[in-house]
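Student: So the protein sequences, as listed, match chains A, B and C. Heads up: the first sequence runs through residues 2 to 399, numbered per the working numbering. Heads up: the second sequence runs through residues 70 to 430, numbered per the working numbering. Heads up: the third sequence runs through residues 40 to 81, numbered per the working numbering.
Some hints here could point you the wrong way.
Here are the simulated DSSO-like pairs of lysine-lysine, each with C-alpha atoms no more than 30 Å apart in a straight line [as the list claims (entries may be wrong)]:
| hint | chain 1 | residue 1 | chain 2 | residue 2 |
| --- | --- | --- | --- | --- |
| 1 | A | Lys46 | B | Lys230 |
| 2 | B | Lys150 | A | Lys357 |
| 3 | B | Lys250 | B | Lys130 |
| 4 | B | Lys355 | A | Lys320 |
| 5 | B | Lys353 | A | Lys91 |
| 6 | B | Lys357 | A | Lys264 |
| 7 | B | Lys377 | B | Lys391 |
| 8 | A | Lys176 | B | Lys357 |
| 9 | A | Lys176 | B | Lys353 |
It should be emphasised that the hints constitute simulated quantities derived from the structure, not laboratory data.
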Amino acid sequence: MSEESAVVTGKKPFVPGKSLLTPFNIIAGIIVIVGLFITVLRFTKGLGTVTNLDDNYPWGIWIGFDLLAGVALAAGGYVTSAAVYIFGMKRFHSAVRPAILTGFLGYALVVFALHYDVGRAWRLPYPFIMQQGTTSLLFEVAACVALYLTVLFIECTPAPLEWLGFKKARNIAVKLTMLLTIFGVVLSTLHQSSLGALFLLAPSKLHPLWYSGYLPVFFFVSSIIAGLSMVIFESTLSHHYFADKMDETHMNEKEGVALGFGKAASLVLAGYFSIKVIGIAVDNNWHYLATGYGAWFLVELIGFIALPCLLYAVGVREKNLTLIKWTSGLAVLGIIINRLNVCLIAFNWHLPSEDKYFPHWMEIGISVFIVTVGILVFRFVVTRMPILYEHPDYKDSH
Amino acid sequence: MSISRRKFLGWLGAAGMGTALGSTANAASNKHFSGYPDSVGVLHDISRCVGCRSCEAACNKVNELPPPDQPFTDLSVLDTKRRTTPEAHTVVNKHELAKTPVFNKIQCNHCLEPACASACFVSAFKKTAEGPVSYDASVCVGCRYCMVACPFEVPTYEYNKAFTPRVMKCTMCYPRIMEGKLPGCVEVCPKEALTFGKRDDLLKVARKRIEKHPDRYIDHIYGEKEMGGTSWLYLSDVPFADIGMREDLGVTSAPQLTAGALSGVPLVVGLWPVLLTGIYAMTKRKEKISQEETAEAVSLAIAETEEKGAEKLSAALKKAEKDKDMAIQKEVKKALEEVKKTFEEARTQEETQEEQKEEKA
Amino acid sequence: MHEFYVLQEFMLHTKGIVYILMVAILLGMVGFWHFLTGREED
Ligand code: SF4
Ligand code: SF4
Ligand code: SF4
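Please build the complete structure, drawing on both the sequences and the hints.
Tutor: Given below as structure tokens:
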């Protein structure tokens, strides 16, 4: 069976006789086995055995990276669907499905990761069914993430339904597109910003350069940057590994998507930079810039906000796709660093350095395990379902 | 220590009554919440504390916590800085200052507006009308946001329990209070460094002590306003910052800190759909107009070409006709000429014949 | 009417109502949009 016929029929891509023992599969396999081992430890021995969490640092990388950064990086779904369906940028249409799929996987993994982090995972529905702690921003986050995961799930269904050939159900799901997109944007605005607002409660623990009344706005705006950059970043990777799964439309629109999203990201980064600077001014925090934390803040501000802004702009002006791709990686890294700063590095800044937290290797192990699971599922789906190409039966149907 | 049981029960009754009847304040939007009237608290006079750790021992006993690694009589423990742990609701820390060592006791401060309660998404914490901040482990999910939120770094977590981990913190001995007993630590304190009573009264007591010994005490009651105020209050003869008590917490309470963000939520829910649908409708309209425009342009173009085509055709036809006419005329002319020619030829022939006849004749 | 002495308790109460309203608003908005555009062809 040739690769081309695989695209058309959506059948298994693996040519019989081709070995499954690729280097990638071997490494992924090892990660999964180690991950399962830690999982057993975590749920039989408790958090203390597998984490370096303590009473000063109740939140570690499972919150800082898996939840905060994870949710931000999964913002591609709402950003892309809003651009295409609400703002009418039809020329980016081929970017919607992969973005929604990554969004859904991202959120599903965030929820999965939360099961490791909370003390009693089986009680995760308690905020809804037992007692509603409505004064908590975490309640808001939980409600929105739960709802948005559902929205993303329905938004994702057309692909598997096309794959399975359920035309009626597929058409119903497609009809809901507009409604779901608007819901998705509302919910995303809320929980992306509320993740930042979680820290409003701790002005005495978070370093003043990162603590700001604008935290919710910072988190929301930077989630747009993360979403746009992730779409570019992820499409680069997909192009590298799944080029044979892409149809002509996808290939043709890809450049336009990179250019358009790069332009948008550059613009949003410029805005983000401005409000970050204003944030220093309104709290009169200039003098902190001369300290060690200030230097680190400037690294984030200049190296991971101003620099990608400029690089994107140059890339777009010169139509330099390679530059745009690399910049997207830089921007994504910048958002991850920002989330880790707020949650871990600049958190408890008043504590002596020996009391600071550094993740246990098993915490890192679980984070790597979860990312790996995400990549494996993504690969499983795009090699089978009409994600990077349009299903032949439904061409021109949007 | 010096409070009789009856008096104390009387307060509790008053607190309950006060709550049930309610006061008349709190009407318009500019609401002010001053806490439950007649709620109780503890005043810790740091200048009296000798660091004997009796309170730690008592707390361990009344709360049935596991025995410590080193006995409570071992005062060498004080040489290292400690914080509350799942096994210790309260710890005493020693601070070697210029004159003599100073000791302070750490436990939950039972805030008037608890940050932990604000943070908990299952509402496991509650500021009770009597004063203590209570915790309900039966609903706790274990997200530990309360620990992130607490400005006094009090709540701790049982990380080593796999199935029933709880948040652990001082309860102000709520069950004992309800029975009319004093909190364990207050009861045993040999120096009366701890005083239990109505918060309002404790504030008065503290002020009086400062007034009486202005040279001894720092003129500040820690906990009166910190983070919106706490039920556990402190008096000290050394600056609070020197004994590890943060003075940069501010007076804004936790719910005030999040109120802005929380009230933004319904605004987004109310207005975002309007805005987004509006933008969507506009894009759709623009698309429709541009579609119509394209359609019009296309039909116009078609019409134009048609018209032009027609013109061309008629021109061509005209030209063709003209050509035809000319051709006909030419032909006719030609024909006429030919006729003429033939005629003339005929005539010449005739003439020649006649001439020939004449010659014959 | 219940009297509140603690801002946190007050917010717990009011935000609870607001959350219910928000669900109602989201659902109502969908219905209202249909009502608003119901007579438009296409
Ligand atoms: S001191 Fe901390 S744990 Fe105690 S009531 Fe205040 S916020 Fe809650
Ligand atoms: S750990 Fe428990 S008590 Fe603390 S905020 Fe989470 S659910 Fe509430
Ligand atoms: S009030 Fe009770 S629980 Fe709190 S420190 Fe004292 S003895 Fe321990």
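Student: Work down the list of hints and note, for each, if the structure agrees.
Tutor: Structure-based check of each hint:
Straight-line distance between C-alpha atoms of A:Lys46 and B:Lys230 comes to about 7 Å, which keeps the hinted pair within the 30 Å bound. Among the hinted pairs, B:Lys150 with A:Lys357 is consistent with the structure: their alpha-carbon atoms are about 15 Å apart, no more than 30 Å. Using a Cα cut-off of 30 Å, the hinted pair B:Lys250 and B:Lys130 holds, with the two alpha carbons roughly 15 Å apart. Straight-line distance between C-alpha atoms of B:Lys355 and A:Lys320 comes to about 28 Å, which keeps the hinted pair within the 30 Å bound.
Note on B:Lys353 and A:Lys91: the hinted pairing holds, with a Cα-Cα distance of about 11 Å set against a maximum of 30 Å. Our distance criterion of 30 Å between C-alpha atoms is met by B:Lys357 and A:Lys264, whose separation comes to about 26 Å. At most 30 Å may separate the alpha-carbon atoms for a hinted pair to count; B:Lys377 and B:Lys391 meet this at roughly 21 Å. Under the criterion of a C-alpha separation no larger than 30 Å, the hint pairing A:Lys176 with B:Lys357 is consistent with the structure, at around 19 Å.
At most 30 Å may separate the alpha-carbon atoms for a hinted pair to count; A:Lys176 and B:Lys353 meet this at roughly 16 Å.
In summary, this structure violates none of the numbered hints.
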